[in-house]
Structure formats: C-alpha cells, structure tokens
Amino acid sequence: MNSGYAVPAVALVLVSTVLVGAFGLRISRTTSDFYVASRTVGPRLNAAAISGEYLSAASFLGIAGLVLVQGADMLWYPVGYTAGYLVLLLFVAAPLRRSGAYTLPDFAEARLASQAVRRLAGAFVVGVGWLYLLPQLQGAGLTLTVLTGAPDWLGGVIVAVVVTAIVAAGGMRSITFVQAFQYWLKLTALLVPALFLVLAWQGDGAPGRAFDEPAAFREQRSVRVQDPLALRLDRPLTVTVDGTVDGRAHDHAAVRLEPGTHRIAAGTHLTFAAGTPVPAAGHGADDALSPSRAESRTERPLYATYGLILATFFGTMGLPHVVVRFYTSPHGVAARRTTVAVLALIGAFYLLPPVYGALGRLYAPELTLTGDADAAVLLLPGRMIGGVGGDLLGALVAGGAFAAFLSTASGLTMAVAGVLTQDVLPSRGVRHFRLGTVLAMAVPLAASALVGGLPVADAVGLAFAVSASSFCPLLVLGIWWRRLTPPGAAAGMLVGGGSALLAVAATMAGFPGGGGALHALLAWPALWSVPLGFLTMILVSLATPGRVPAGTAAILARFHLPEELRSEVTP
Amino acid sequence: MSGFLAGLVVAVLPLLAAGFWLGRRTARPQHLGGLGTPVEHATFQTLHTASLATPPLRAGLTEETARKSARKLRSLLGTDALCLTDLTDVLVWDGAGAHHRTEIMERLAGPLETGRGEAFPLVCDTPDCAVRWAVVAPLTVDDRVHGALVACAPKESAVLVRAAGEVARWVSVQLELADLDQSRTRLIEAEIKALRAQISPHFIFNSLAVIASFVRTDPERARELLLEFADFTRYSFRRHGDFTTLADELHAIDHYLALVRARFGDRLAVTLQIAPEVLPVALPFLCLQPLVENAVKHGLEGKTDRCHIRISAQDEGAEALVVIEDDGAGMDPGLLRRILAREVSPSGGIGLSNVDDRLRQVYGDDHGLVIETAAGAGMKITVRLPKYQPGVHSAGRIGRG
Numbered sequence: 000m001n002s003g004y005a006v007p008a009v010a011l012v013l014v015s016t017v018l019v020g021a022f023g024l025r026i027s028r029t030t031s032d033f034y035v036a037s038r039t040v041g042p043r044l045n046a047a048a049i050s051g052e053y054l055s056a057a058s059f060l061g062i063a064g065l066v067l068v069q070g071a072d073m074l075w076y077p078v079g080y081t082a083g084y085l086v087l088l089l090f091v092a093a094p095l096r097r098s099g100a101y102t103l104p105d106f107a108e109a110r111l112a113s114q115a116v117r118r119l120a121g122a123f124v125v126g127v128g129w130l131y132l133l134p135q136l137q138g139a140g141l142t143l144t145v146l147t148g149a150p151d152w153l154g155g156v157i158v159a160v161v162v163t164a165i166v167a168a169g170g171m172r173s174i175t176f177v178q179a180f181q182y183w184l185k186l187t188a189l190l191v192p193a194l195f196l197v198l199a200w201q202g203d204g205a206p207g208r209a210f211d212e213p214a215a216f217r218e219q220r221s222v223r224v225q226d227p228l229a230l231r232l233d234r235p236l237t238v239t240v241d242g243t244v245d246g247r248a249h250d251h252a253a254v255r256l257e258p259g260t261h262r263i264a265a266g267t268h269l270t271f272a273a274g275t276p277v278p279a280a281g282h283g284a285d286d287a288l289s290p291s292r293a294e295s296r297t298e299r300p301l302y303a304t305y306g307l308i309l310a311t312f313f314g315t316m317g318l319p320h321v322v323v324r325f326y327t328s329p330h331g332v333a334a335r336r337t338t339v340a341v342l343a344l345i346g347a348f349y350l351l352p353p354v355y356g357a358l359g360r361l362y363a364p365e366l367t368l369t370g371d372a373d374a375a376v377l378l379l380p381g382r383m384i385g386g387v388g389g390d391l392l393g394a395l396v397a398g399g400a401f402a403a404f405l406s407t408a409s410g411l412t413m414a415v416a417g418v419l420t421q422d423v424l425p426s427r428g429v430r431h432f433r434l435g436t437v438l439a440m441a442v443p444l445a446a447s448a449l450v451g452g453l454p455v456a457d458a459v460g461l462a463f464a465v466s467a468s469s470f471c472p473l474l475v476l477g478i479w480w481r482r483l484t485p486p487g488a489a490a491g492m493l494v495g496g497g498s499a500l501l502a503v504a505a506t507m508a509g510f511p512g513g514g515g516a517l518h519a520l521l522a523w524p525a526l527w528s529v530p531l532g533f534l535t536m537i538l539v540s541l542a543t544p545g546r547v548p549a550g551t552a553a554i555l556a557r558f559h560l561p562e563e564l565r566s567e568v569t570p
Numbered sequence: 000m001s002g003f004l005a006g007l008v009v010a011v012l013p014l015l016a017a018g019f020w021l022g023r024r025t026a027r028p029q030h031l032g033g034l035g036t037p038v039e040h041a042t043f044q045t046l047h048t049a050s051l052a053t054p055p056l057r058a059g060l061t062e063e064t065a066r067k068s069a070r071k072l073r074s075l076l077g078t079d080a081l082c083l084t085d086l087t088d089v090l091v092w093d094g095a096g097a098h099h100r101t102e103i104m105e106r107l108a109g110p111l112e113t114g115r116g117e118a119f120p121l122v123c124d125t126p127d128c129a130v131r132w133a134v135v136a137p138l139t140v141d142d143r144v145h146g147a148l149v150a151c152a153p154k155e156s157a158v159l160v161r162a163a164g165e166v167a168r169w170v171s172v173q174l175e176l177a178d179l180d181q182s183r184t185r186l187i188e189a190e191i192k193a194l195r196a197q198i199s200p201h202f203i204f205n206s207l208a209v210i211a212s213f214v215r216t217d218p219e220r221a222r223e224l225l226l227e228f229a230d231f232t233r234y235s236f237r238r239h240g241d242f243t244t245l246a247d248e249l250h251a252i253d254h255y256l257a258l259v260r261a262r263f264g265d266r267l268a269v270t271l272q273i274a275p276e277v278l279p280v281a282l283p284f285l286c287l288q289p290l291v292e293n294a295v296k297h298g299l300e301g302k303t304d305r306c307h308i309r310i311s312a313q314d315e316g317a318e319a320l321v322v323i324e325d326d327g328a329g330m331d332p333g334l335l336r337r338i339l340a341r342e343v344s345p346s347g348g349i350g351l352s353n354v355d356d357r358l359r360q361v362y363g364d365d366h367g368l369v370i371e372t373a374a375g376a377g378m379k380i381t382v383r384l385p386k387y388q389p390g391v392h393s394a395g396r397i398g399r400g
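Protein sequences appear in the order of chains A and B.
Mind the numbering: the first sequence is residues 0 to 570 in numbering that gives the first Met the number 0, read in order.
Mind the numbering: the second sequence is residues 0 to 400 in numbering that gives the first Met the number 0, read in order.
The following block holds chain A by itself, in its conformation from the complex (with noise of 0.2 Å):
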C-alpha cells in the first residue's frame, strides 16, 4: 500500500482530534447566550459519544479479519457487541444514573456503603481496563506496519504516548464532541469505502460464495510466509514454492503436498493457482495462542458461540469507559433514550465490518496464512480498486482506524488512571493523576509486547468475559435485589471475575496446550463464570443477612423512582 497517502491521514485524525477537543466549547459573552452555554448534552449527542468510545480497534478491524478467517460463524461479534446494550438499556441504564454514581467504584460504594466492595470494584477496573487496551495497542501497532512497513511495536508506543499525552495534560476539554467526532468519522472512514468496493465488486460481476467452506483463491496468487507456519491439509496441494518446506529448500518448483501438516519456514513464497481452497493453518508451535483458540472454536462451536454471546451481551454493562458516559446524561429518562440512539448507531456501523470480512474471503483469502488476517480492512482498498483512488479509500480507513484506537484508548486510560489515582495510589493530587496516568498505559503496552499474535476480537472478547462475571452480577444485583451485602458483593465478584481472569491467564499461558474439553472451558470462560458469579453473589448475601446496608429501601427507590417523583419522597 502506498503510504504516502496513509501517514498525513493518520496525523490530520491526530492533529483535529485535539484541536476539536481544545476548541469545542460552547462559549457565552451575553444573556441570550447563556442557555445555549448551559444546554446539557442531548441523547443523540451523547449517544454518538458513547459509540464514538466504544467502537474499538476489536470492531473496526477484527471482526472484519474473524469474518475473513472463519466465516459467517464469526457475526455473533457484531451481534453480541450491539445486544449489549440492549441488557444495559433494560436492566441498568437509567438506574445507573439515577445512583449518581460516576464510575463502578462509586456505584459499589453508593449501593453497598462499603469501602472494601468498593477497592475491589476498582481493581476489576483496571484489570478489565488493561485487558481491553492491549488490543488497542496491537491493533494500532499492525495498522502501522501494515501501512508503513514499520516494527510491529511502533504503532502502539505512538498511540500509547499520544493518548498519555492527552490524558495527562489535563484531558480532552470537551471530551463528548471529540468523542462523537470520533464516532462519525469511524463511520465515513468504514462506510465510504465499503460503497466503493460493493461497486468494484458489482462491477466484477457480483461472485457470490463468500461464506463458502474453505475460501478458494479466485486468481493466481503469490504469498509471502512471514512467520514460521504449519499448513493442515485435507486433500492434496499444488502449490508454487520458492523457499522451505518441511525442511526441503525449493526453487520456484511446483511441489504436490499430501494430506496431512506441513511446515513452512519463514521467507518462504508460496503461489497458488486459481480456485485453489485455503489451506488452514496454524502458526509455530511455540505459538500456539490464537489457532489453538480458533481450533478449539471449529471442534465446539456450539459452545464456544455461547461462550461468546454470554459475555458480550452482559459485558458491555461492565465496561469503565462507557459506565462514566451516562453520568453525561441529565437524568435518568434521557440515559435511557441515550441508549437507544447508541443501539441504532452502532447497529448501523456493524452492518460494515461483515461486508468487509465478505469481501476479504473473495478477494484477499491468503491473509490467513500471512497471520494479517485483522488486516483485511485496511488492504481491500487498495486490492480491489487499486490507483490512486483505492490510495486515498485506504488512507481514509487508516485515518479511522487510527480513530478507533485513539478513542477508545483515552476512554480506557481515563477511567483506569481515574481509579488508580483515587482507590489505589496513596494520596490524591493532579501530580498522582498523571502518575496513575503513565501506570495505566505502561502495563498494557509491556504486556502487548510479551503476547506477540493474539487476534485483536479476541482479546477484546476476554475483557468481556471478565467484566461479564464481576461486574454484571454487582450492577444487576445491586439495582434489582434488595438482599445484597457488602461480602455478597465483593465474595461474587471475586469468585466469578477471579475465576474468569484466571482463566484467561491460563489460556493466554498456553494452558492447557492441544484443545479438548477443559480448553474451551477456559478460552470461553463467561458460559460458567457467569452463571458463578451470580450464584455466589447471592448464596453469600443470604449468608449474611446482619450486613444488609442500613439505608437499602431508601437507597433502591432513588434508583428506581423518576427523578420528578424524587424531591417529593424526600424531605
């Protein structure tokens, strides 16, 4: 791809983010003016905020590479991404911001009164806050290469550095227009090119079989291995190579490979004719995170797909960066409306990634064998049109990307920096602030360094999980049973979230290796860690009927009641 075209994209996303966030406020030199200047912010304007933060590198780029990977299978992301908010519009939303809490250590503590629920509420937090930036950071880091040709490492120490910047120098001034920029120019920068590229693609006759089972190359094409690779075949293979199979150096020979894995060394050409089928692969041994997954995806699909619907759906309700967008909202009717306008918004945006994911299986099905396949959003401009128009396409899509990963950065190091400087470091000041700041970038950063290929919808779907299990049992519990305790609640959210944390752990270990039953269990942990998590909460709450807070009835009716009823309940 040209990158001349990418890189002043990228940097105009850079350089408008901050001057709307320096200079989108509303100011009023006269009376008339005043009630513009004090309107508070609208459902739809906040709604495009919240969208605008939540549409991560996970949405703009990996659901496309997993549509692409593993077919049709891979659009309950979208859908579980989107449903989410419908759990959070019935079941939380308006009580949410009726607690007046800002973030979810602040509702523990107006619920629970409980310092204790609270520390522990603020270390899911940043737990679930440094599970999600990981993938930002990676994310941010393949677009760059992908773009420029530049260290996998780089894109994610420039975002990282660029974020902590802009957080730490005392934030975006008018965070909700930055971040509903965000949201529209993810959209154009996904939608305009789509446009373009459903036309290509009716100008080349409209071929039809993307879902079909494998991908087949439609053309003769030439692939470059970059990491060792190890190819599963079913029937046998002809295939151009120019370089090492199981351990055979070849030269621009056409070599016939029997049924069965074949390793490919790194450097290696392989050229397949058209309508060959991708072959599956799976990358080195010592590698084994995101096939060993997507393995275990294809032998439980069933399971692994409720896996995933359980924690998407009843995840979003726990992540930091939206939770502190509803405080936006001037009551709680319009928290409810705001999340309607969220539901059509990102509903709208998640038609796109599909078409791409399509797209990419007819036009650039190799990405899974080059281990890019998240990828797939940023070439198929350039793929399929070509010139200086598929140039400019792509850099538009690199310009949203870099959107992507921007916003839903800063939303994250905001929240995260904001518990560690309140519940974690010792004590408070703006120096702490910018302490907590650089803490909450520098583990995920280190730690996107350490795990080298794990998909970025993945990892996004483990921060999920995590959330789904601690926080989803507080929220819900806490808004709709009135038994909740104090050692209820933190015993709940240490059992389900700890155990679903560990799992994670465990399964980012490469533990343990090979598949099988107790594999799916622990890469897809929400299905059980959930229901556990619930479960807990409520067994040791009915325990503990003594520690039932003193102000409990009084507490659920401010949640509850409209606030219009409100100053006629209290004295």
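No lab work stands behind these hints: they were computed from the structure.
Do not take every clue at face value.
Unchecked claim - Facing chain A, according to a computed beta carbon distance under 10 Å, are these residues of chain B, among others: (1) GLU63; (2) MET104; (3) LEU351; (4) HIS392.
All residues carry an ideal CB built from backbone N, CA and C; glycine is no exception.
Place chain B on chain A using the hints.
For chain B alone, coordinates are given in the frame of chain A:
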C-alpha cells in the same frame, strides 16, 4: 513462549496485589516489634490494639460499630467473651457463651440504672460452658448511661474487674468524642440551613429599586426583570434537599446576573465557558452564587470603567473544576486569610468563609476554596467538585424553570 510469559504476568498480578494489600494490613504491628524492651513492646501492642478499636467507636454506639470494635476490645482485655450492649439489647457478643445474652440483659437492669459497675457469677446449665462469671462496666456519656461493656471469664478475677473498668472508661471517652462529632455536624447542618435562605438584603433592595426605575420608562423590561427576580428568589427559598445540580445553580447565577446587569449596564461583562459534561454534578445549594456575588462586588468596587467576570466549568475526569475570575480591586491575601479563618468579619454579604466551610464539610478538607488574589490584581476563585461523593444527591431533575 511469549504468550506463556504474558499469561504468567496476568496470573501473578492479582497475587501481587493481594500480597501488597495483606502486607499493608499487617505491616504496622511488625514495625513496632523491634523497638524497646519487652515491657515497652507490650505497651506498644496495647496502644496499637486500642488505636485499632478507636475508628469504629468514633461513629457512636450502634450494632455495626460495636461489631467492628468488639474483637479488638476483647483482645485488649484478653477475656473469653466480651459483649457490648445499649440500654435495651445486646449489640454484639464476641467469643464463647453467646447463650448468656438474655441472662446478661436481665442482670444489667441494675447497673444501667445506677451507672455503677458490678461483678456476678453466671447461672449456666451447660456443663462445659467457658464463661462462669461476668464483669459489667457501664458506658457513660455526660453522666448518662448509654450502654454497658460486659467481660466474661471462667472464674472470678480482680484484675479483670479493674481492666474492664478502665477499658469501659476509655470507650466512654470515644463515645463522648462521637457525641461531639455529632453535635458539630448538627451545628454545621444548622448553619447551612441558616445560610440557605440568606440572600443578601442589599441585593433584594437594589433589585427592587432597579425594577422600580424601569416601571415607567420601559415596562416590558421591568416585567422581565421582575420575572428574573421571582425565579431567583424561588430558587433561593426552595425548601427540599440540601443539594442542587451545577446546571440549576448556573441558572440561578444567570438570573442574578441579569438583575445586576440591569443596575450596572455595560460596566459589567460576563463570559461563560461551561463543559456540558459537568452540568449534572451535584453540589451544595447556593455555593457558587455567593462567589459570583463576591466577584461582582470586588470587580466594580473603586472602578469606574468596565469589569470583566469569567465563569468557567471544566471536566477534569472524576471532578468538575469551576473557576470564577474577576479583574477588579482584588484583596490583600493576609486579610483574606484572616477572613477565611473567621478572625475578622467580612464587610458584607455572604462571606467566602461560609462557602468554604460548607465545601469542606461536604467534600473534606481537600476541596476548600482556592483563591488567588492580590491588591489591585483581581481575584480568581477555584472550586473542585467531585462528580460523586457519598451522600451528595441533587433533589429533583435538572433543567426545570
């Protein structure tokens, strides 16, 4: 391999955090261990245990605080069972022999009436009951009995009688302090209530005079101003809730400024810069308007030309930052310090010191007013309002009239 490392890091992090927490919880006693002779060491231990039992008791004698402090008190006394009661019920029973609860309450009637300690054997049918004997020491605040501390032991012990008496006296002192805390809170609450309705009489007089001056020349303007005045007074005299939202407070300030502007015309210029994210923040009722009133007063004082007032509210993560700035006469910092310390009374209107006190009372000492000023250099007042503070909820929804 790298995946394994990362997983290891993720797995170890919670353990590290737990270890850090445990370490902090247990660190202090160990610090003391290395110091001094065994006797001094024992003294340190006792003082440390006593200091651990203090914080819950400072909130008064309730079931919750009794439960939190009972274990510490029992280790202070070294008895098998310890029980705290109020005048009617056992609040907590820590240790063995909880089946003596009702018996204890029956035997307590006398000591609670007279306020004098007592020791008596317990009647028990259980053969292997660990407690046979009880010492009662009443807890008194201002010579009124509030409850009793009961220590139980297997056999009679004069040492325990003495120790229980001392611990009960110490607990009584803590409860007296709690009582003082409560009366201080009540005093400040009363002060806030008194302050709330107190808009400056000068302001009412001046506003009415201005409106009167418009009645004949510009009746329409007079009507508008009268409505502004009505809105402002309705807000000020509102009765429900101690807290309001930043949006409502800003609207009140707008009404106030409209009336002031009618009086001073072009001499007063106001700039507002409000981040919409912070408008729902809850804050003590009428705690910004006095600051604006102060800015107006200082801005126009001793000046004939224009005065400029800037009001801004910014989003600062978990806090809202409100800045009120004027370019007027300013003030001598020393004098201001004395006014805030209540050593001299301010010259008029609602003092800054009162707003400062209320902010500190609600949000803690970190959130008092920050004032930057010098004589002739204007004044800049900064208020940091946390977006969430336990117990701070605005009454009603924002955006009404």
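Now the hints, each set against the structure:
Interface hint at B:GLU63: satisfied, since its Cβ lies 8 Å from the closest Cβ of chain A, which is below the 10 Å cut-off. With a cut of 10 Å, the hint placing B:MET104 at the interface with chain A is violated, because the nearest CB-to-CB distance is about 19 Å. Because the closest C-beta pair between B:LEU351 and chain A is about 23 Å apart, greater than 10 Å, the hint is violated. For B:HIS392, the interface hint holds, since its Cβ comes within 10 Å of a Cβ in chain A; the closest pair sits about 5 Å apart.
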